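Construct the entire structure; sequences and hints are all you get.
Taken in sequence, the protein lines are chains A and B. The first sequence lines up with residues 1 to 295 when you count with full-length UniProt numbering. The second sequence lines up with residues 1 to 262 when you count with full-length UniProt numbering.
In short, the hints are calculated from the structure, not lab data. Be aware that one or more of the hints could be misleading.
As the list claims (entries may be wrong) - Only pairs whose alpha carbons sit at most 20 Å apart, straight line, appear in this in silico SDA-like list of lysine to any residue:
#	chain 1	residue 1	chain 2	residue 2
1	A	K73	B	T32
2	B	K258	B	A176
3	A	K135	B	T32
4	B	K258	A	D58
5	A	K73	B	S28
6	B	K258	A	K135
7	A	K135	B	S28
Claimed, not checked - Facing chain B, according to a computed beta carbon distance under 7 Å, are these residues of chain A, among others:
#	residue
8	R12
9	F15
10	G16
11	A17
12	V70
13	K77
14	L82
15	G84
16	I92
17	L105
18	G107
19	I235
All of these numbers come straight from a predicted model, not from anything done at the bench. Heads up, the beta-carbon is just placed ideally off N, CA and C, and yes, glycines get one too.
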Amino acid sequence: MITPAIEVSGLRKSFGAQTVLDGIDLTVPKGSIFALLGPNGAGKTTLIHILSTLVAPDAGSARVGGHDVVADKAGVKRSVSLTGQFAAVDEILTAEENLRMMGRLSGLTPPEARARADQLLAHFDLAAAARKRVKTFSGGMRRRLDLAVSLVVDRPILFLDEPTTGLDTRSRRALWDIILELAGRGITIFLTTQYLEEADQLADTIAVIAHGRVVACGTAEALKSRIGGDVLELIGANDEIIREIPTDGSIRAVQQSLEELARTAPAGARVGIRKPSMDDVFLALTSNPREGTFS
Amino acid sequence: MTNASAPAKAASFGVTSSVFIGRSLRHSLRNTEALIMAIVLPIMLMLLFTYVFGGAIDPSGDYVDYVVPGIILLCAGFGSSSTAVDVAGDMTNGIIERFRTMPIRSMNVILGHVTASLCRNLLATGVVIGMALLVGFRPSAGFLAWLGALGVIALFILAFTWLYAAIGLVAGSPSAASAYGFALLFLPYLSSAFVPTSTMPSWLRGVAEHQPITPVIETIRGLLTGTPIQDQAWWAIGWCLLILIASYVWGSWTFNRKAGRR
Ligand SMILES: Nc1ncnc2c1ncn2[C@@H]1O[C@H](COP(=O)(O)OP(=O)(O)OP(=O)(O)O)[C@@H](O)[C@H]1O
Ligand SMILES: [Mg+2]
Numbered sequence: 001m002i003t004p005a006i007e008v009s010g011l012r013k014s015f016g017a018q019t020v021l022d023g024i025d026l027t028v029p030k031g032s033i034f035a036l037l038g039p040n041g042a043g044k045t046t047l048i049h050i051l052s053t054l055v056a057p058d059a060g061s062a063r064v065g066g067h068d069v070v071a072d073k074a075g076v077k078r079s080v081s082l083t084g085q086f087a088a089v090d091e092i093l094t095a096e097e098n099l100r101m102m103g104r105l106s107g108l109t110p111p112e113a114r115a116r117a118d119q120l121l122a123h124f125d126l127a128a129a130a131r132k133r134v135k136t137f138s139g140g141m142r143r144r145l146d147l148a149v150s151l152v153v154d155r156p157i158l159f160l161d162e163p164t165t166g167l168d169t170r171s172r173r174a175l176w177d178i179i180l181e182l183a184g185r186g187i188t189i190f191l192t193t194q195y196l197e198e199a200d201q202l203a204d205t206i207a208v209i210a211h212g213r214v215v216a217c218g219t220a221e222a223l224k225s226r227i228g229g230d231v232l233e234l235i236g237a238n239d240e241i242i243r244e245i246p247t248d249g250s251i252r253a254v255q256q257s258l259e260e261l262a263r264t265a266p267a268g269a270r271v272g273i274r275k276p277s278m279d280d281v282f283l284a285l286t287s288n289p290r291e292g293t294f295s
Numbered sequence: 001m002t003n004a005s006a007p008a009k010a011a012s013f014g015v016t017s018s019v020f021i022g023r024s025l026r027h028s029l030r031n032t033e034a035l036i037m038a039i040v041l042p043i044m045l046m047l048l049f050t051y052v053f054g055g056a057i058d059p060s061g062d063y064v065d066y067v068v069p070g071i072i073l074l075c076a077g078f079g080s081s082s083t084a085v086d087v088a089g090d091m092t093n094g095i096i097e098r099f100r101t102m103p104i105r106s107m108n109v110i111l112g113h114v115t116a117s118l119c120r121n122l123l124a125t126g127v128v129i130g131m132a133l134l135v136g137f138r139p140s141a142g143f144l145a146w147l148g149a150l151g152v153i154a155l156f157i158l159a160f161t162w163l164y165a166a167i168g169l170v171a172g173s174p175s176a177a178s179a180y181g182f183a184l185l186f187l188p189y190l191s192s193a194f195v196p197t198s199t200m201p202s203w204l205r206g207v208a209e210h211q212p213i214t215p216v217i218e219t220i221r222g223l224l225t226g227t228p229i230q231d232q233a234w235w236a237i238g239w240c241l242l243i244l245i246a247s248y249v250w251g252s253w254t255f256n257r258k259a260g261r262r
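As structure tokens, this is what we get:
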């Protein structure tokens, strides 16, 4: 059997009295896209930091690219590239200088680093701003540069911590295409996101963490069948939400709910329909007695 | 998107160092206010101490010969202190995490800041000396004595820059780093930099004569103007090496311990 890109078992991490990761088990096959979902403070960033050797775990083991994150940090560092949750670029340098610097630090010669910087600037729609100092960049431009920087050289495993937060729709789509293309080339991608839709679009496998544990792990299809479909909202005369009714998204189920509402809803109430939010996902998953893996 | 050209090799120690030094030098050149300050401060202090205080302290008009080493150190101390802010900035804005996940010696970031500080402060020292010569400084030093004096000054800058770098590593934010570093700027006033320690009350004299600035001042003054140095040179070198090594060890330890903190 080929070794997976990432193998995590029994991983624990506490900060002081606060347990952030309480026994995480995960396997990410080579060349796949893995999305980690979780509410704020669930420990997504902490997990990425452990997997990229920035933080030491308290217990359990993790192997990244076949290297142990504690015993063989150097091996892990040669295998990974990280785009953190917050842009990590040099504000005083220009976009071009940032890319060249990272190229040189990644072992490219000066001409190689220059050529690579030009390619990435064009690809991330930053060519016009190449010679501007990053300090003057908008949030989205900074984010794009941050992503470009982590692609200066190909590493087999790419960590992206909330890569599309703060991007407009066009940039988000463009980034999705880049992610899919990288995966097509055999690069393993481990990303975190707040958007169910994003995980759904991109990931081969989705894991949800809450309360320090993996509460669900499987394909997008399996996950969706477990959390159900669209949610019906009963909206009162003053625009307040009176009731939320989860459905499985089928016409039949929606019709049944509507019939019930027609009998019981107060006068002046309206009905809305929306996609399940992260809150619904966590509610569905954490309240389910059969916690754990499904497929 | 086109493939990254070659599979990555790890950048060598030399390449990493030169890239980080280049980065910090660019930062220094682009921080226009600090750069102007590094040039204007020596000029102002030189004029202040020669024409405003000089007459009162030593009516014979030779005060400029006495005060030059003090102003060199005052400016060097001031110039190195920005290293604390630069280092604290890098440690808190996330870029350090990116460097840390790369197979390079990420501590070289600090080396870059230290080297840039050394360059900036040697430049400021040059301005002090040039200005001093204009207002009547008449050193008696020969070539070797000049070389020795510059060596001591460089060692002093290096030691204090590392001390400030360590402060920057320990401080939680650039503004905290700036505040901690500020206290150190008063050390030159409590030394023989501006008045001989023999004019101070005895308790203060004890402090002034046993702190690192005084032997450094006495050594530079002796080398430039021929006043007696005695064992002060050894004290000066000893103090600077002690500060340098202690700061380096403290800084490296903090750097490694702080891994992964934002
Ligand atoms: N260095 C640290 N020291 C103390 N507590 C920390 C540290 N890093 C993270 N934590 C805590 O660990 C918890 C998990 O943080 P983490 O950043 O991993 O969450 P996250 O899932 O990435 O959240 P978000 O969606 O907001 O990015 C938080 O409660 C946070 O306060
Ligand atoms: Mg996070």
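Verification of the hints:
no., hint, verdict
1, A:K73 x B:T32, "violated (39 Å)"
2, B:K258 x B:A176, "holds (16 Å)"
3, A:K135 x B:T32, "holds (15 Å)"
4, B:K258 x A:D58, "holds (16 Å)"
5, A:K73 x B:S28, "violated (33 Å)"
6, B:K258 x A:K135, "violated (26 Å)"
7, A:K135 x B:S28, "holds (15 Å)"
8, R12, "violated (16 Å)"
9, F15, "violated (10 Å)"
10, G16, "violated (13 Å)"
11, A17, "violated (17 Å)"
12, V70, "violated (12 Å)"
13, K77, "holds (4 Å)"
14, L82, "holds (5 Å)"
15, G84, "holds (6 Å)"
16, I92, "holds (5 Å)"
17, L105, "holds (5 Å)"
18, G107, "holds (4 Å)"
19, I235, "violated (40 Å)"
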